[in-house]
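Novice: Listed below, chain by chain, are the residues.
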Amino acid sequence: MSLTDMYNIALMQGFAGLSLFAVLLLMGLGLAIIFGQMGVINMAHGEFMAIGAYTIFLFSTLTQNYLPDAMQAYFPFAICVAFVIAFIVGWFVEWALIRHLYKRPLDTLLATWGLSLGMQQMFRSTFGPKEVSPTLPDWLMGSWAPSEGLDIPINGMFVLALTALVTGLVMLALYKSRWGLRVRATVSNRVMANAIGINTKKTDRLTFAIGCGIAGVAGAAFTTIGSTGPTSGQLYIVDSFLVVTFGGAASLLGTVVSAFGIAQTQSISEFFMTGSMAKVLTLSLIVLILMMRPQGLFASKVRR
Amino acid sequence: MDSLKALIKRYQLGSLLLLTLLLVVVLPLTLDIFRLNLVGKYLCYAFVAVGLVMVWGYGGVLSLGQGVFFGLGGYAMAMFLKLEASDPESTKIQSTPGIPDFMDWNQITSLPAFWVPFKSLPLALLAVVLVPMALAWLISFAMFKRRVGGVYFAIITQAVALICTVLIIGQQGYTGGVNGMTDLKTMLGWDTRTDSAKYILYFLSAGLLIASILLCMWIQKSKLGTLLLAMRDKEDRVRFSGYDVAMFKVFVFCLAAALSAIGGAMFTLQVGFMSPSFVGIVPSIEMVIFAAVGGRMSLVGAVYGALLVNFGKTYFSETAPDLWLFLMAALFIGVVLAFPNGLAGLYESHIKPWIARRLAARKAGATPRTPAAPTPPAPPASPMSGSAPPAAPAQA
Numbered sequence: 001m002s003l004t005d006m007y008n009i010a011l012m013q014g015f016a017g018l019s020l021f022a023v024l025l026l027m028g029l030g031l032a033i034i035f036g037q038m039g040v041i042n043m044a045h046g047e048f049m050a051i052g053a054y055t056i057f058l059f060s061t062l063t064q065n066y067l068p069d070a071m072q073a074y075f076p077f078a079i080c081v082a083f084v085i086a087f088i089v090g091w092f093v094e095w096a097l098i099r100h101l102y103k104r105p106l107d108t109l110l111a112t113w114g115l116s117l118g119m120q121q122m123f124r125s126t127f128g129p130k131e132v133s134p135t136l137p138d139w140l141m142g143s144w145a146p147s148e149g150l151d152i153p154i155n156g157m158f159v160l161a162l163t164a165l166v167t168g169l170v171m172l173a174l175y176k177s178r179w180g181l182r183v184r185a186t187v188s189n190r191v192m193a194n195a196i197g198i199n200t201k202k203t204d205r206l207t208f209a210i211g212c213g214i215a216g217v218a219g220a221a222f223t224t225i226g227s228t229g230p231t232s233g234q235l236y237i238v239d240s241f242l243v244v245t246f247g248g249a250a251s252l253l254g255t256v257v258s259a260f261g262i263a264q265t266q267s268i269s270e271f272f273m274t275g276s277m278a279k280v281l282t283l284s285l286i287v288l289i290l291m292m293r294p295q296g297l298f299a300s301k302v303r304r
Numbered sequence: 001m002d003s004l005k006a007l008i009k010r011y012q013l014g015s016l017l018l019l020t021l022l023l024v025v026v027l028p029l030t031l032d033i034f035r036l037n038l039v040g041k042y043l044c045y046a047f048v049a050v051g052l053v054m055v056w057g058y059g060g061v062l063s064l065g066q067g068v069f070f071g072l073g074g075y076a077m078a079m080f081l082k083l084e085a086s087d088p089e090s091t092k093i094q095s096t097p098g099i100p101d102f103m104d105w106n107q108i109t110s111l112p113a114f115w116v117p118f119k120s121l122p123l124a125l126l127a128v129v130l131v132p133m134a135l136a137w138l139i140s141f142a143m144f145k146r147r148v149g150g151v152y153f154a155i156i157t158q159a160v161a162l163i164c165t166v167l168i169i170g171q172q173g174y175t176g177g178v179n180g181m182t183d184l185k186t187m188l189g190w191d192t193r194t195d196s197a198k199y200i201l202y203f204l205s206a207g208l209l210i211a212s213i214l215l216c217m218w219i220q221k222s223k224l225g226t227l228l229l230a231m232r233d234k235e236d237r238v239r240f241s242g243y244d245v246a247m248f249k250v251f252v253f254c255l256a257a258a259l260s261a262i263g264g265a266m267f268t269l270q271v272g273f274m275s276p277s278f279v280g281i282v283p284s285i286e287m288v289i290f291a292a293v294g295g296r297m298s299l300v301g302a303v304y305g306a307l308l309v310n311f312g313k314t315y316f317s318e319t320a321p322d323l324w325l326f327l328m329a330a331l332f333i334g335v336v337l338a339f340p341n342g343l344a345g346l347y348e349s350h351i352k353p354w355i356a357r358r359l360a361a362r363k364a365g366a367t368p369r370t371p372a373a374p375t376p377p378a379p380p381a382s383p384m385s386g387s388a389p390p391a392a393p394a395q396a
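These protein sequence lines are chains A and B, in that order.
Throughout the first sequence, residue numbering follows the numbering used here, covering 1 to 304 in sequence.
Throughout the second sequence, residue numbering follows the numbering used here, covering 1 to 396 in sequence.
Some hints could be false.
[What the hints assert, rightly or not] Computed list of lysine-lysine pairs in DSSO-like fashion (alpha-carbon distance at most 27 Å, straight line):
1. Lys221/B <-> Lys352/B
2. Lys5/B <-> Lys103/A
3. Lys221/B <-> Lys119/B
4. Lys145/B <-> Lys198/B
5. Lys5/B <-> Lys234/B
6. Lys145/B <-> Lys103/A
7. Lys145/B <-> Lys5/B
8. Lys234/B <-> Lys221/B
9. Lys130/A <-> Lys313/B
Bear in mind the hints are in silico, worked out from the structure with no lab data behind them.
Only chain A is shown next, with the shape it has when bound in the complex (with noise of 0.2 Å):
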């Protein structure tokens, strides 16, 4: 093996941690929103990602039945597409079920578990058990070689491009815009905001649904490495929810950082063992870490 084999091995290496990392980031990212900015814990997470999946099948079948000629472009709308439902579904189910239980997280819990039953049935009824995968675009095929016996995966280099895209709006978003000064400030004090005249209630309502979008944009995304099935959501949740915990519920710049930490571990100790193994040391370290230090990475310094 020569020195260049070596580099390029560690090259693609390097590239397999970023995408996890781009996919960790990414599952979490709407989380951060709702369970970090707003402390409501949706169970039903994977579920918006799972519509998210499910919508850009939807239209990869529809587009090849009807619009072939169309097959090339149709990804990005669907993505769109996708934001809106989740959006849309988000919004209804913050009227219907989470609006009522804000003071009580542990029975948020429960019902947003109960859910995502309810969600995974319906996606078996409507698509059937199976797992499907959407027929994606020529572009997003194969892989880039730069070099001699260096491949980049494009669909890899896809969902790190999109992530970089979502971050950076959550981030202009929550920071620079209105609604974001709304939401911090109802996160840092209820009352307060209420009292100089902000609709907290429609601002929980405006972010739960962003936050349920961003999800969906997540699930779109993921269709490009993997398939779906009307069970795929709840293998992201507990993955999701650490992400978030891990970096320190409130801080979104700890989701990035807990994100990029956990891709790496996992991606270095895959090198060492197998695949289970990896997965449960990062699992027990990020475990272990947090009982040393519960408030994780980046502790938000308000006084609650």
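Chain A is already provided as a structure; the job is to place chain B on it using the hints.
Specialist: Below, chain B alone, put in the same frame as chain A:
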């Protein structure tokens, strides 16, 4: 007789007596052995539900990892039974006789050290209770001493459940992997698959369950129970009164873990196998719903909750599997939004006043005013059902 009545009334044992009657007399007389074995299986989940009433209803700590303790107890029992089932004589076709078959399939040539204690029944029985308690102590001590509770505790226990499943499935050679431990036949030469053994095991679980409920009732009535309630409602005030809040929580969490583990061990004995499908996140949250449906504050209600939900699960997954998840979803949401106190709460708020009204009406000798109250499927304490004849008005 009167003193006995007073005793029952004083310790509110009426509902427990009714449950005992149902479990020990009515069900064994009316159900065939196949159905009774199913009920026995459900009773194992009732152990978990009773533990959850203590830790969640009384302690205010929601654990989403009870499946881990259920599984650890079950696996400890299964390891003993598996070792007995794989004596050198019956495993002589293996390349290494005398070790469990799944180890042989995974090219393990000698019994791992942590399996050795499970050759003896007393040690295995000790492990059933002590191993889960040790794990529970480790988790809860680290968390509660740092005053982490509520949501974060729930998430951490859930992560522990995930770690355990991945570990069990990944370490196939030591744990049997996805299939778990199967073909468990005898305990100390006693065949656990015969009908008579199933009867004995059923009565053993029912007896243990009632004993556990009695223990928990005793704890609730003691000062400790009062402190737990006080902590749940105003933790800081209890702390400022000079109590070490964390250790009470650790105690009640370990108690719940031990109860779950006993349930798991009885489960293994009655069903004859143990697998990771009872350990993970989904079964662990399902166990919470047993306690929630029964009423998170009621020990006896939790047993009815476990029986009803599991009966529903068995019934619907046979007849209409598509419907079951929707029903389960409705249960979760309904129990949170509409009936936060579950069946026991419905009994307290609807049936008990109704019975009291009927009793009062009968005492007064008048016809009951509103006889058409709806009767939810709660434990009907029914000296009155169907009776109360419209006696002639006394004044007439």
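Novice: A separate judgement is required for each hint: does it hold in the structure or not?
Specialist: Hint check results:
For the proposed pair lysine 221/B and lysine 352/B, the alpha carbon gap of about 22 Å is at most 27 Å, so the pair holds. Restraint check for lysine 5/B and lysine 103/A: the C-alpha separation of about 42 Å exceeds 27 Å, so the hint is violated. Distance hint between lysine 221/B and lysine 119/B is unfulfilled; the C-alpha atoms sit about 40 Å from each other, more than 27 Å. Using a Cα cut-off of 27 Å, the hinted pair lysine 145/B and lysine 198/B is violated, with the two alpha carbons roughly 44 Å apart.
Taking the CA atoms of lysine 5/B and lysine 234/B, the gap is near 36 Å; set against the 27 Å cutoff, the hint is violated. For the hint linking lysine 145/B to lysine 103/A, the alpha-carbon distance of about 25 Å falls within 27 Å, and the restraint holds. With a CA separation close to 44 Å, the supplied pair lysine 145/B and lysine 5/B exceeds the 27 Å bound. Only pairs whose Cα atoms come within 27 Å are accepted, and lysine 234/B paired with lysine 221/B is accepted, the gap being roughly 19 Å.
Taking the CA atoms of lysine 130/A and lysine 313/B, the gap is about 22 Å. The hint holds against a cut of 27 Å.
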